[in-house]
Amino acid sequence: MGTSKSSALDQAGRWLLLALLIVYTIYNVGPIFWLLLSSFKSRMDLFSMPPKLFFTPDLSGYQSVFGVGAAKDSASAVGVFDSLVNSIIVSFSGTALAVFFGTLAGYVCSRFNFIGKGDFMFFVLSTRMLPPVAVLVFYHLMFARLGLADTRFGLILVSIFANVGLATWIMKGFFDGVPREVEQIAIVNGYTRMYAFIKLVLPMVKGGIAATAGFCFIFAWNEFAFASILTTTQAKTLPVKISAASGATGIEWTQICAAGVVLIIPVLIFFYLIRKHLLMGMTFGVLGRR
Amino acid sequence: MSEIELKNLTIDFGGFKAVDDVSLTVKNGEFVVYLGPSGCGKTTTLRCIAGLVKATSGEVLFDGKRVNDLTASERNIAMVFQFVSLYPHLKIRENIVFPLKARGVPRAEIARKLDWVTEVFKLGDDLDRYPAALPPGARQKVALARAVIRDPAVLLLDEPLSAIDEQFREEMRWELGHLQRQLGVTTIYVTHDQREAMSLADRIVLMNNSRIVQVSEPDRIFFDPVDVFAGQFIGSPSMNLIDLVPVDGGLRLGDSGVTLTAAQHDLPAWALGSRRPLKLGVRPLNVHLVDDAAQGVPLEIDDVFSVGRERFFSFRIGEAVHQGVDKRASRTGAATRVRFDPSGLLFFDAATGRRVTGEIAA
Amino acid sequence: MSAQSHAQRQAKLRQQSSGRLMIFGFLSPTLAILLFMVAYPIFSLVYYSFFNFSALRQGAMKPIGLRNYEFLLTDELLWERFIFTGKFVFICVVLQMLIGIFVGYQLQKNFRGRDLVFTVLMMPMMLSPVVVGFLWRYMLNSEWGIVNFLLSSIGLSKIDWLGQANAALWAAAAADTWMWTPFIVLLATAAFRGIPETIYEAAEVDGASPAYRFFRITLPMSAPVLFIALILRLIDSFKQYDLFVALTGGGPGSSTETVSFAVAKTAFSYFYTGEASALAVILLVIIIGLSMILVRHLQKMGEKF
Numbered sequence: 082m083g084t085s086k087s088s089a090l091d092q093a094g095r096w097l098l099l100a101l102l103i104v105y106t107i108y109n110v111g112p113i114f115w116l117l118l119s120s121f122k123s124r125m126d127l128f129s130m131p132p133k134l135f136f137t138p139d140l141s142g143y144q145s146v147f148g149v150g151a152a153k154d155s156a157s158a159v160g161v162f163d164s165l166v167n168s169i170i171v172s173f174s175g176t177a178l179a180v181f182f183g184t185l186a187g188y189v190c191s192r193f194n195f196i197g198k199g200d201f202m203f204f205v206l207s208t209r210m211l212p213p214v215a216v217l218v219f220y221h222l223m224f225a226r227l228g229l230a231d232t233r234f235g236l237i238l239v240s241i242f243a244n245v246g247l248a249t250w251i252m253k254g255f256f257d258g259v260p261r262e263v264e265q266i267a268i269v270n271g272y273t274r275m276y277a278f279i280k281l282v283l284p285m286v287k288g289g290i291a292a293t294a295g296f297c298f299i300f301a302w303n304e305f306a307f308a309s310i311l312t313t314t315q316a317k318t319l320p321v322k323i324s325a326a327s328g329a330t331g332i333e334w335t336q337i338c339a340a341g342v343v344l345i346i347p348v349l350i351f352f353y354l355i356r357k358h359l360l361m362g363m364t365f366g367v368l369g370r371r
Numbered sequence: 052m053s054e055i056e057l058k059n060l061t062i063d064f065g066g067f068k069a070v071d072d073v074s075l076t077v078k079n080g081e082f083v084v085y086l087g088p089s090g091c092g093k094t095t096t097l098r099c100i101a102g103l104v105k106a107t108s109g110e111v112l113f114d115g116k117r118v119n120d121l122t123a124s125e126r127n128i129a130m131v132f133q134f135v136s137l138y139p140h141l142k143i144r145e146n147i148v149f150p151l152k153a154r155g156v157p158r159a160e161i162a163r164k165l166d167w168v169t170e171v172f173k174l175g176d177d178l179d180r181y182p183a184a185l186p187p188g189a190r191q192k193v194a195l196a197r198a199v200i201r202d203p204a205v206l207l208l209d210e211p212l213s214a215i216d217e218q219f220r221e222e223m224r225w226e227l228g229h230l231q232r233q234l235g236v237t238t239i240y241v242t243h244d245q246r247e248a249m250s251l252a253d254r255i256v257l258m259n260n261s262r263i264v265q266v267s268e269p270d271r272i273f274f275d276p277v278d279v280f281a282g283q284f285i286g287s288p289s290m291n292l293i294d295l296v297p298v299d300g301g302l303r304l305g306d307s308g309v310t311l312t313a314a315q316h317d318l319p320a321w322a323l324g325s326r327r328p329l330k331l332g333v334r335p336l337n338v339h340l341v342d343d344a345a346q347g348v349p350l351e352i353d354d355v356f357s358v359g360r361e362r363f364f365s366f367r368i369g370e371a372v373h374q375g376v377d378k379r380a381s382r383t384g385a386a387t388r389v390r391f392d393p394s395g396l397l398f399f400d401a402a403t404g405r406r407v408t409g410e411i412a413a
Numbered sequence: 005m006s007a008q009s010h011a012q013r014q015a016k017l018r019q020q021s022s023g024r025l026m027i028f029g030f031l032s033p034t035l036a037i038l039l040f041m042v043a044y045p046i047f048s049l050v051y052y053s054f055f056n057f058s059a060l061r062q063g064a065m066k067p068i069g070l071r072n073y074e075f076l077l078t079d080e081l082l083w084e085r086f087i088f089t090g091k092f093v094f095i096c097v098v099l100q101m102l103i104g105i106f107v108g109y110q111l112q113k114n115f116r117g118r119d120l121v122f123t124v125l126m127m128p129m130m131l132s133p134v135v136v137g138f139l140w141r142y143m144l145n146s147e148w149g150i151v152n153f154l155l156s157s158i159g160l161s162k163i164d165w166l167g168q169a170n171a172a173l174w175a176a177a178a179a180d181t182w183m184w185t186p187f188i189v190l191l192a193t194a195a196f197r198g199i200p201e202t203i204y205e206a207a208e209v210d211g212a213s214p215a216y217r218f219f220r221i222t223l224p225m226s227a228p229v230l231f232i233a234l235i236l237r238l239i240d241s242f243k244q245y246d247l248f249v250a251l252t253g254g255g256p257g258s259s260t261e262t263v264s265f266a267v268a269k270t271a272f273s274y275f276y277t278g279e280a281s282a283l284a285v286i287l288l289v290i291i292i293g294l295s296m297i298l299v300r301h302l303q304k305m306g307e308k309f
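Protein chains in written order, with the working numbering: chain A, 82 to 371; chain B, 52 to 413; chain C, 5 to 309.
Misleading hints may appear alongside valid ones.
Claimed, not checked - Derived contacts from chain C toward chain B, CB cut-off under 7 Å, selection only:
#, residue
1, 58
2, 59
3, 70
4, 74
5, 75
6, 194
7, 198
8, 201
9, 203
10, 206
11, 209
12, 210
No lab work stands behind these hints, which were simulated from the structure alone. In this text the structure is predicted, and so the values were computed from the model without any measurement. Here a beta-carbon is modelled for each residue, glycine too, at the ideal position from N, C-alpha and C.
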């Protein structure tokens, strides 16, 4: 900014700043790099001292995640690959339904005033704050009674609950950005409010819906607490499965690292797609208003 | 208070010269207004004086000292921006004393100065409010108070009144002029509004296409423009500009087929004798209707309209539409005679656009 | 009454009732899910918290009044967990806010490859918390972990990160900070970029030094957004569970058990369901109370601007 006189002190400050940024970058990126590297390491290379930067890549971790090749684990009934399938089914359906319901609720919260709206909004927001383990104490009983324990359907239900509040708030923010005149003109011209909502308003918040879906997906995809307690064998998701990836020979680090890499890929894609909307969603529209 | 000098100032924005070789001296305590159409380089010049934009070449001098390499904070300037730049999170009181606090002025001194500006700007009721609670005009007043509170060497104003309601603007303009005389602070003011410029300035600096066109007192720039641009930019409605083509015995008026002669129109002899095409500049206020068939130019009235007490009429010469003022103008469509007041005639070289006041070489 | 105004009234009535129908129809799925998955469980938790009850022997429910609460609140182990959770939250929030604001301030300017840099910086928070836990456990292994290797290669002594209570606290905080600082960076950058350029120019003209500008302009003007970041990190680190499962498993001993961890252990390892319910209720009260206070404060902040 501007034409500051470059004294020795300024110079020193600038170097310190740069040094701090470099240290942070190493802290930030290093572990990701190490995760990627380790996902290709064989058991021998994993524990070698000093750690190896160059080695013959070993694909056994990825083979077990995708259930192919020699590493296909036959020991347990539900393999790592099955848990990947569970993860995909649960997070995709959970996300879709949460966004669907959240869009409807967000629209009403943006456009209508109704009794108890403030309380409803806070209640919805508070579900984002809830510690999962607290409700899990009861879910554990409830799911067993209703026959939902260890089913994908049960996990989808949890996934909807865990995300619908967030979806409602984010979507409300996006609907707030659409002028009310859009519906008013349609209604004056004899169309129903429903028609205006579906044909006019929804297309205008397409980007917002995509962003909301991206958010919900990231949370649903990485969710661990609910899935770890509410599943036993059949419905385990990938994050749960890898937490149990300790065989007779200890923790399967290669497999965990490979699963970590596989898990981050869809999130990276979503993150890239919604990058423009990211901030508005995360701050519940506070930034948008300014 | 300081004397500001610009020496061959040039500011290049990646190949585009926003300011091109501008030199000017602003005297101590003077009120100078930069006037010009948008994009002419006036704001860039001002921002360069402030230290917010770097000069590509040339010098900026404060009291003879080169300040090119000083930051805005080191230059002891104060500035009011076009769009409100109050700090939204600070109360009016804190906004006003911000420049003092930022410089570590002692508390007693701050209190004294605050009392003074509060008095001068009559801000007593607003001190404990936030900027968002004030109308735009009042916010600019606060910005001005913040600017003058620490006796800056120079006060820079970047279209400070343009975002304010018409009504309030008039009042602010008056107060601003009054205040500047009272404080005697060297002031540089940027605007595209000629009325502001005319009423405030000791001197107007007219800019166009990144260059200074003319520097002179407000009156002179109106009566004595140096070229076609200056003539047309100043004055409202703007000056009529009519081609004059030399023909035998006089000057032909545009495409009208009418020839102006010495006897009829009081034209200066050198103009009548000109061998080069000229442009005639005549303000609508100097164009009237005449009854005398011996005088004036036979032309047809196109349209008539009134603005307040003034009754304007428009007429065509060829394709071009021009305007004049006369109470008697009516929309009869009949041929009329239009007279150009000889005292209000300005001549420009048709080729260069420069003002011509005497014989020019052919 | 003219025919036209009658028609208008009818149209208005129809619209009102269709509005009501829309409110009801659009809200009910969300409301139903939240009532079923939040309100009902919370009421049940409160109910169970008054019983001596185990999920393993569901027939035997013995009402014991407030004894679960009495037991918990006098249990020193629980207080230790609260203290540990508090320490963890404090370290995490302070580190993440400080680093996040610092890095965000450096990244607010436009530069080439900004999008790419951001995407790479954000990667830690895209990972599943369990993966993060395992990754750090792997890197922090006292014998063959990369961290100790790097420490010893610059001449420092190796640290038994996950084998000592204090080191484990810092290890967990380092992992949580690694994962979530990017989130603060993201929000802080956006908040800083939202401040109009003229405000900075005015401050510069007013003679404010860069440091003065930062503390008097930048920070207070982005306060609402930074406060949202603070709320989210405060609550999220307070209820942190996943990370500890993978990183420390609560150990060494029970030294890194957060309150959430304790709830899970009581409910799903010991199956003291009644006691776990009471603990869950305590946790809920704290978190909901905390978030109410913070959200109220945020609303007040927003009104000023």
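Verification of the hints:
Because the beta carbon of residue 58 of chain C sits about 55 Å from the nearest beta carbon in chain B, more than 7 Å, this interface hint is broken. The beta carbon of residue 59 of chain C comes no nearer than 52 Å to any beta carbon in chain B, farther than 7 Å, and the hint placing it at the interface is violated. The criterion of a C-beta within 7 Å of any C-beta in chain B is not met by residue 70 of chain C, whose closest approach is roughly 47 Å, and the hint is violated. Hint status for residue 74 of chain C: violated, given a least beta-carbon distance of 48 Å to chain B, over 7 Å.
Nearest Cβ of chain B to the Cβ of residue 75 of chain C: about 49 Å, over the 7 Å cut. The hint is violated. Given the 7 Å rule on beta carbons, the hint for residue 194 of chain C is violated: about 17 Å separates it from the nearest Cβ of chain B. For residue 198 of chain C, the suggested interface contact is broken, since its CB lies about 11 Å from the closest CB of chain B, more than 7 Å. About 9 Å separates the beta-carbon of residue 201 of chain C from the nearest beta-carbon of chain B, more than 7 Å, and the hint is not met.
Interface restraint check for residue 203 of chain C: the shortest CB-CB distance to chain B comes to about 6 Å, inside 7 Å, so the restraint holds. For residue 206 of chain C, the interface hint holds, since its Cβ comes within 7 Å of a Cβ in chain B; the closest pair sits about 4 Å apart. Checking residue 209 of chain C against chain B: minimum C-beta separation of about 4 Å stays under 7 Å; hint holds. Given hint, residue 210 of chain C at the interface with chain B, holds; its Cβ is 4 Å from that chain's nearest Cβ, closer than 7 Å.
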